[in-house]
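Colleague: Between the sequences and the hints, there should be enough to build the whole structure, so can you do that?
Taken in sequence, the protein lines are chains A and B.
For what it's worth, the working numbering labels the leading residue of the first sequence as 1, then goes sequentially.
For what it's worth, the working numbering labels the leading residue of the second sequence as 1, then goes sequentially.
It is possible that some hints are incorrect.
Unchecked claim - Here are some chain A residues pointing at chain B (derived, C-beta under 8 Å):
hint : residue
1    : TYR10
2    : ASP52
3    : PHE123
Bear in mind the hints are in silico, worked out from the structure with no lab data behind them.
Note that the Cβ used here is the ideal one computed from N, Cα and C, for glycine as well.
There are 2 protein chains.
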Amino acid sequence: MRNVKIVVEYDGTNFQGWQRQARGETIQGLLEEILSRLDGRRVVVHGAGRTDAGVHALGQVASFMLHREMPSLELLRALNGNLGPEVRVREVSFVEPSFHARFSAKAKAYRYVFYLGEVVSPFLHRYVYHCHYRLNVERMRAVAPLFVGQHDFSLLCSKSRPGGSTVREIVQLELTEQDELLEVQITANGFLRSMVRRLAGTLQEVGRGRLSAEEVERLLRGDQSVPAGPSLPAKGLTLLRVEY
Amino acid sequence: MRNVKIVVEYDGTNFQGWQRQARGETIQGLLEEILSRLDGRRVVVHGAGRTDAGVHALGQVASFMLHREMPSLELLRALNGNLGPEVRVREVSFVEPSFHARFSAKAKAYRYVFYLGEVVSPFLHRYVYHCHYRLNVERMRAVAPLFVGQHDFSLLCSKSRPGGSTVREIVQLELTEQDELLEVQITANGFLRSMVRRLAGTLQEVGRGRLSAEEVERLLRGDQSVPAGPSLPAKGLTLLRVEY
Numbered sequence: 001m002r003n004v005k006i007v008v009e010y011d012g013t014n015f016q017g018w019q020r021q022a023r024g025e026t027i028q029g030l031l032e033e034i035l036s037r038l039d040g041r042r043v044v045v046h047g048a049g050r051t052d053a054g055v056h057a058l059g060q061v062a063s064f065m066l067h068r069e070m071p072s073l074e075l076l077r078a079l080n081g082n083l084g085p086e087v088r089v090r091e092v093s094f095v096e097p098s099f100h101a102r103f104s105a106k107a108k109a110y111r112y113v114f115y116l117g118e119v120v121s122p123f124l125h126r127y128v129y130h131c132h133y134r135l136n137v138e139r140m141r142a143v144a145p146l147f148v149g150q151h152d153f154s155l156l157c158s159k160s161r162p163g164g165s166t167v168r169e170i171v172q173l174e175l176t177e178q179d180e181l182l183e184v185q186i187t188a189n190g191f192l193r194s195m196v197r198r199l200a201g202t203l204q205e206v207g208r209g210r211l212s213a214e215e216v217e218r219l220l221r222g223d224q225s226v227p228a229g230p231s232l233p234a235k236g237l238t239l240l241r242v243e244y
Numbered sequence: 001m002r003n004v005k006i007v008v009e010y011d012g013t014n015f016q017g018w019q020r021q022a023r024g025e026t027i028q029g030l031l032e033e034i035l036s037r038l039d040g041r042r043v044v045v046h047g048a049g050r051t052d053a054g055v056h057a058l059g060q061v062a063s064f065m066l067h068r069e070m071p072s073l074e075l076l077r078a079l080n081g082n083l084g085p086e087v088r089v090r091e092v093s094f095v096e097p098s099f100h101a102r103f104s105a106k107a108k109a110y111r112y113v114f115y116l117g118e119v120v121s122p123f124l125h126r127y128v129y130h131c132h133y134r135l136n137v138e139r140m141r142a143v144a145p146l147f148v149g150q151h152d153f154s155l156l157c158s159k160s161r162p163g164g165s166t167v168r169e170i171v172q173l174e175l176t177e178q179d180e181l182l183e184v185q186i187t188a189n190g191f192l193r194s195m196v197r198r199l200a201g202t203l204q205e206v207g208r209g210r211l212s213a214e215e216v217e218r219l220l221r222g223d224q225s226v227p228a229g230p231s232l233p234a235k236g237l238t239l240l241r242v243e244y
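Modeller: Take a look at the structure:
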């Protein structure tokens, strides 16, 4: 039995997210179905980030145990031959038994893309959030460093499950503008549910002039009287990579 | 009554091509439906290039007569508000009555994209042709100039309708490589049906070493004993722009 690590890229538009569900197609569900057929037994696939419905990935990582012996290139082709074109396995490697895609992850990087122009290209519309507000990007850039470091993000995620720490460390948060696209890249040691989308929504409120730097600081200190930004649409979000 | 010129961008994946048809959604059909409703009478839309099912456009041009008086920005928004996100009108302008999107066109530019790598990205698969052959791009580049100039392309199109000239002039044919993408850009004063896709297919045969420069010359002189390349898949083709 070998422990396998795969790197997966997907266009999440037509999926119900990463995590296996009773109804609807998911990336984990698809992979488990193919691998279980291949291995002749139930294979459980662990993903590094449980991306929500509509969220994309360039470098999602997953791991699973496989009984069947086969070369990595053959396994890659068997997977891609059975997945649709919207999901591609880019790398297959055999790793030590202790490796676990989620628990071994040291950091993850996500990107959130705002489209600030008038007309969204048909070639982009599945991958960007069309923001209709005028944003002051310099204001957004100025508050970005406030998020970096260790904070309790309980006010910047979806309602947290009882128990479990809501403290995470953001190691990098960068804004880059190109033409009418504004890209926010966030690297952290872990993410809470909807955290990137609410962070992006909070940055949007700053860009609109509806939140000040001082209010962002209060949010990050847990002041519930400050309204955090909304969770922005899933389509603008992409899991870029997972670091181990 | 005013003559209107529009520039249209579309992802052709889910369309039956440009031209109105009895069954299936087409770009011309959609535009005519929206404009006829808007104008309260039947509006006929003329496109510069009648792209086939699955072919994309960045700068398709179309023209039509409109009775209703409205500012160009309002018309642009009315169109985009009624089209799905896979078709976007990028520009609307009022032009002299003699302008006709097809008959006034002086040149058109198309792009055909080969993907030469192992795994096609989910974000690209709708827009590239995955070529499984090893291509000698230098050989392809060397024959490219042979196509430039005025030629009878009757052997490099789909079966031509009886009558009508099959002579066209290619003014530019360029190959550019970036990472695993090979892009062929062709500008001509006009194109026959399937011409770009068969030209791309013929270049592919050259790249595979199955056609020589001398055979390409013979093809362009109408030598039917030389087998032209196949018409490559529609998804790799994009109408880039129309010049007037």
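Colleague: Give a verdict on every hint.
Modeller: Do the hints match the structure? See the list:
1. Proximity of A:TYR10 to chain B holds as hinted, the smallest CB-CB distance being about 5 Å (cut-off 8 Å).
2. Because the closest C-beta pair between A:ASP52 and chain B is about 17 Å apart, greater than 8 Å, the hint is violated.
3. With a least beta-carbon distance of about 6 Å to chain B, the hint placing A:PHE123 at the interface is held under the 8 Å criterion.
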